[in-house]
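Following the hints, complete the assembly by docking chains A and S onto the known chain D.
Chains as they are written, first to last, in my numbering: chain D, 4 to 378; chain A, 16 to 274; chain S, 4 to 336.
Errors might be hidden in some of the hints.
Derived SDA-like pairs (lysine to any residue); straight-line CA-CA distance at most 20 Å [unchecked claim]:
1. A/166 - S/198
2. D/7 - A/48
3. S/230 - D/28
4. A/160 - S/256
5. A/183 - S/80
6. S/204 - A/163
7. D/46 - A/68
8. A/226 - S/162
9. A/241 - S/130
10. S/217 - A/272
11. D/7 - A/94
12. A/233 - S/156
13. A/233 - S/161
14. D/24 - A/200
15. A/166 - S/199
16. D/46 - A/198
17. D/13 - A/48
18. A/233 - S/164
19. D/13 - A/198
20. D/46 - A/209
21. A/160 - S/202
22. A/183 - S/199
The set of hints was computed from the structure by calculation and includes no laboratory data.
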Amino acid sequence: MNEKHLLLKKLYQQFTAEIVKPIAAYVDEEEIFPVETVKEMVKAKMMGIPYPVTYGGSGADTLAYILAVEELSKACATTGVILSAHTSLAANPIYTYGTEEQKQKYLVPLNTGEKLGAFALTEPNAGTDAAGQKTTAVLKDGYYEITGSKIFITNAGYADIYIIFAMTDASKGTKGITAFILEKDMPGFSVGKKEKKLGIRGSSTCELMFDRVKVPVENRLGAEGKGFGIAMGTLDGGRIGIAAQALGIAQGAFDEVVAYTKSRKQFNRSISQFQNTQFKLADMATQIEAARCLVYKAAIAKDTQKNYSTEAAMAKLFASETAMSVTTMAVQLYGGYGYTREYPVERMMRDAKITEIYEGTSEVQRMVISASVLR
Amino acid sequence: MKIVVLMKQVPNTTEMLIDAKTGTLIRTGVDSIMNPDDTSALEAALKIKDANGAQVIVITMGPPQAAGMLRECYGRGVDHALLISDAAFAGADTWATSNTLAAAIKNVNPDLIFAGRQAIDGDTAQVGPQVAERLNIPQVTYVSKIVEVAKDHIIVKKHYEDFDETLKVSFPCLLTTLEQLDHLRFMNVTEAWGSFDKPIETVNNQVLQLKPSDIGLKGSPTQVRKTFTRPVSSEVKLIHGGSEEAIRAILSTLAPYIH
Amino acid sequence: MTKDIFVYIETRQNIVAEVSLQLLSEARKLKGQYAEKGMNHDVVAVLPGYQIENLTPILFRYGADKVILCEHEKLKEATTQHTTKVLADVIRHCQPDSVLIGATVIGRDIAPRVAARVDTGLTADATIIEVDMTSDTSLLLVTRPAFGGNLFGTIVCPNHRPQMATIRPNVFEKIEKEANQGEIIRFETELDATDWVEILKREVQQAKANDIAKARIIVSAGRSMVKHMDLIRSLADTLHAEVGASRGLVETGVLGKDVQVGQTGKTVRPLVYIACGISGAVQHTAGMDKAECIIAINSDPNAAIFQIAHVGIVGDAVTILPKLTEELNKILN
Numbered sequence: 004m005n006e007k008h009l010l011l012k013k014l015y016q017q018f019t020a021e022i023v024k025p026i027a028a029y030v031d032e033e034e035i036f037p038v039e040t041v042k043e044m045v046k047a048k049m050m051g052i053p054y055p056v057t058y059g060g061s062g063a064d065t066l067a068y069i070l071a072v073e074e075l076s077k078a079c080a081t082t083g084v085i086l087s088a089h090t091s092l093a094a095n096p097i098y099t100y101g102t103e104e105q106k107q108k109y110l111v112p113l114n115t116g117e118k119l120g121a122f123a124l125t126e127p128n129a130g131t132d133a134a135g136q137k138t139t140a141v142l143k144d145g146y147y148e149i150t151g152s153k154i155f156i157t158n159a160g161y162a163d164i165y166i167i168f169a170m171t172d173a174s175k176g177t178k179g180i181t182a183f184i185l186e187k188d189m190p191g192f193s194v195g196k197k198e199k200k201l202g203i204r205g206s207s208t209c210e211l212m213f214d215r216v217k218v219p220v221e222n223r224l225g226a227e228g229k230g231f232g233i234a235m236g237t238l239d240g241g242r243i244g245i246a247a248q249a250l251g252i253a254q255g256a257f258d259e260v261v262a263y264t265k266s267r268k269q270f271n272r273s274i275s276q277f278q279n280t281q282f283k284l285a286d287m288a289t290q291i292e293a294a295r296c297l298v299y300k301a302a303i304a305k306d307t308q309k310n311y312s313t314e315a316a317m318a319k320l321f322a323s324e325t326a327m328s329v330t331t332m333a334v335q336l337y338g339g340y341g342y343t344r345e346y347p348v349e350r351m352m353r354d355a356k357i358t359e360i361y362e363g364t365s366e367v368q369r370m371v372i373s374a375s376v377l378r
Numbered sequence: 016m017k018i019v020v021l022m023k024q025v026p027n028t029t030e031m032l033i034d035a036k037t038g039t040l041i042r043t044g045v046d047s048i049m050n051p052d053d054t055s056a057l058e059a060a061l062k063i064k065d066a067n068g069a070q071v072i073v074i075t076m077g078p079p080q081a082a083g084m085l086r087e088c089y090g091r092g093v094d095h096a097l098l099i100s101d102a103a104f105a106g107a108d109t110w111a112t113s114n115t116l117a118a119a120i121k122n123v124n125p126d127l128i129f130a131g132r133q134a135i136d137g138d139t140a141q142v143g144p145q146v147a148e149r150l151n152i153p154q155v156t157y158v159s160k161i162v163e164v165a166k167d168h169i170i171v172k173k174h175y176e177d178f179d180e181t182l183k184v185s186f187p188c189l190l191t192t193l194e195q196l197d198h199l200r201f202m203n204v205t206e207a208w209g210s211f212d213k214p215i216e217t218v219n220n221q222v223l224q225l226k227p228s229d230i231g232l233k234g235s236p237t238q239v240r241k242t243f244t245r246p247v248s249s250e251v252k253l254i255h256g257g258s259e260e261a262i263r264a265i266l267s268t269l270a271p272y273i274h
Numbered sequence: 004m005t006k007d008i009f010v011y012i013e014t015r016q017n018i019v020a021e022v023s024l025q026l027l028s029e030a031r032k033l034k035g036q037y038a039e040k041g042m043n044h045d046v047v048a049v050l051p052g053y054q055i056e057n058l059t060p061i062l063f064r065y066g067a068d069k070v071i072l073c074e075h076e077k078l079k080e081a082t083t084q085h086t087t088k089v090l091a092d093v094i095r096h097c098q099p100d101s102v103l104i105g106a107t108v109i110g111r112d113i114a115p116r117v118a119a120r121v122d123t124g125l126t127a128d129a130t131i132i133e134v135d136m137t138s139d140t141s142l143l144l145v146t147r148p149a150f151g152g153n154l155f156g157t158i159v160c161p162n163h164r165p166q167m168a169t170i171r172p173n174v175f176e177k178i179e180k181e182a183n184q185g186e187i188i189r190f191e192t193e194l195d196a197t198d199w200v201e202i203l204k205r206e207v208q209q210a211k212a213n214d215i216a217k218a219r220i221i222v223s224a225g226r227s228m229v230k231h232m233d234l235i236r237s238l239a240d241t242l243h244a245e246v247g248a249s250r251g252l253v254e255t256g257v258l259g260k261d262v263q264v265g266q267t268g269k270t271v272r273p274l275v276y277i278a279c280g281i282s283g284a285v286q287h288t289a290g291m292d293k294a295e296c297i298i299a300i301n302s303d304p305n306a307a308i309f310q311i312a313h314v315g316i317v318g319d320a321v322t323i324l325p326k327l328t329e330e331l332n333k334i335l336n
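Isolated chain D, as found in the complex (with noise of 0.2 Å):
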């Protein structure tokens, strides 16, 4: 980190206490997405961080941009995966595989905060097993018509700009996949219904139909059949965001733990005296000091490596565990009280446990990582 990236970090920090945190549990207890918030966002120019100034960014770097989902993360796993969701998943695909023309439409208004975007590939029949899509894009007059529908998507509803995949030959599996560019009003899609989850509660993630929806040849993100490439790509990136979503959260239950800790007093003493505290503090701290070093070392990879994916997979496989095997433990050391939701640590546990499934599960990591290792 460099004196800019320290910069950086004082100001997601004064966002995230200002406006984040006071209204965390809120989000979380409401299932509400905080539509404030990304307002405020946009205002502190958070939503183009890692890109060029000329598409409407902020110029700054992977680094900078993942160091704001690790502090907003730290208060609100939803807002941390908003814009880990918005900026790594729907506005890089753009920035690296689109034209000139779709950066100038959708990748500057993503930048600005004008729109909001979301990514979506995972369908009921097709998840770690992305060759499975069952959503078509048949080529007619100058138009793709897309057809079928897509789950578990984040920021679904409120965003603007969609990145999907769809099928342009089936018969080709993984190099049948081809990416394209929606936006909300086009004619034939619509979101569906909201789900109801364990954490990030106040994140929307819903379900995409696409009826016959007419997408423009213009629209197409890449050339046919690239789409899985892309979508393998995006993630990569994704994961980064991820990692560093779960790296707040281990921090941020960290850092609740430790303040109760000091002041709880059990047998006249405050709990933090007793050793048993002391080390499982002392693992929790070195763990997320660990975990910190493999996101870090990701991000910056991501600016100087060609290919990062076991960089990518690494961090996120580390940080994931970490932030549950953490806010597991905060919530051990909170004993009751962390049971109950009268304190953040339990819908920090809930929270954590996301970061181990989307943007590929803990063992898609593992088969990244052992992939790279034995080839």
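Chains A and S alone, transformed into the frame defined by chain D:
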């Protein structure tokens, strides 16, 4: 329109503690922050810039570390930042400080000057009015609201102990703002990231050419003879135990005052 | 009169500000200290205004030996521009040894400008003023809090005259003396024909009926009481007291800045100050430690508030306050 905002980096005095054993002030680990009243001054200037277009120039006087605060000002969209820093300026009281600031401001020649009402380290509220005096321009202190900004004047609300006045004052003038006037915006990522490419102009006495008798510790009419922390008394009657005993103690203490 | 102590008399609508009377009385004490050193300083009230000669008796009663009366139509309101001019002219003409000004909004607006104009030192917000008994000069030792009340500094102005200071309201007591007359000196000066500032409107602040600075009893709350303000209010109602607050509580927005007690808020001097859940940072105690009786309730036995409290209750205000209010209601009805 050219607006100067006078700002100061101060220790966060609400975090300060006294070492119970030595009775001295613990300064280590205390953050440096933007002086709270100055934050509203900066926001007021930026709002005028947003609405009417203006060049906003932040001026601070302090050690080289104050450059960090100026970066944060750039991060919020100010146009230029000046750091008045010279060993010769150190130790100045408000009289010498305002001589120095006024000399730097004269080179900028602004229409409007904002300053926070007072800084939380010194709490004097003197530098704003003394700068205005040195520049021989009108001032309005304790500004709680900007009502209207026109080409040649500004209308503001001034907050007294128990009433408010709405005042019209022509440019050039100096306004000192209360923290409650406005809430300072966040930095934005683009400006903050770009702030490191912007210059922080350092102004020393080679630039200002002030007489040694007008600046710094030597030029200050007031001197600090001694400093001390509050003596700790130990007369208190502490009551632990149940609340009934506590309430009896409070009631007997209150008795002479409530009948 | 190169040896005299001048006190700026602030008036509003033909009423002398309390702080000005407090300063006259304090100046009288300084006169006594000078007398011990064999020095003869008079207490001189400087009264700018318009058609205000009727105010002179009260100035003599609270300590003035002489009154310098500066009457001009432009001085009807205490404006920065004209009041600064008249005070600076009085100082240049009369060469006083010291000038004391109340640290009110008006005083803090004018005093720094006057000091800059006559090129002398000004100490802000003093809480203690005493004559330096160790030297043969007329030097004043002016003590004031700084760093949010965490530190006190004794400030001197050895080589410039007058020695100027602003003094917080309610730090000193006003004390009546027998006489209510003395020498009145008229001082005339020229004032600018055009005004810098135009007053468009003046309005009394809303909901300002209760001023904690004048309260006999204050029930004050810290940040930890943010969700329990009903308990604070009902105790205050029972005692006919005003509600005060720490800076931390005011920052949460549940109460206005006008009830904030402390270095950056108000200085209060009630008979009783009940501090509930207030840790007692010097920032806060600087504004209330002159209360006659301080009762502090705090669950932390090491809270700094207990160092200045007269009665300290180690316990949770949330459980104690309802019972206390109930008991008080029984007694008072």
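Hints, verified against the model:
1. A/166 - S/198: holds, 19 Å
2. D/7 - A/48: Status holds; Cα separation ~18 Å.
3. S/230 - D/28: Judged against 20 Å, a Cα distance of about 16 Å means the pair holds.
4. A/160 - S/256: holds, 18 Å
5. A/183 - S/80: Holds, at roughly 15 Å.
6. S/204 - A/163: Satisfied, since the Cα-Cα distance of roughly 14 Å is no more than 20 Å.
7. D/46 - A/68: Holds, at roughly 18 Å.
8. A/226 - S/162: holds, 17 Å
9. A/241 - S/130: Between residue 241 of chain A and residue 130 of chain S the Cα gap is close to 15 Å, so the pair holds against 20 Å.
10. S/217 - A/272: Status holds; Cα separation ~15 Å.
11. D/7 - A/94: Since the Cα atoms of residue 7 of chain D and residue 94 of chain A sit roughly 18 Å apart, the hinted pair holds (cutoff 20 Å).
12. A/233 - S/156: Roughly 18 Å separates the two Cα atoms, so the pair holds.
13. A/233 - S/161: holds, 12 Å
14. D/24 - A/200: Holds, at about 17 Å.
15. A/166 - S/199: Holds, because 16 Å separates the two Cα atoms, which is no more than 20 Å.
16. D/46 - A/198: holds, 14 Å
17. D/13 - A/48: It holds: about 12 Å lies between the C-alpha atoms, which stays within 20 Å.
18. A/233 - S/164: holds, 17 Å
19. D/13 - A/198: The given pair, whose Cα atoms are some 17 Å apart, holds under the 20 Å limit.
20. D/46 - A/209: Status holds; Cα separation ~16 Å.
21. A/160 - S/202: This hinted pair holds, its Cα atoms lying about 15 Å apart.
22. A/183 - S/199: holds, 9 Å
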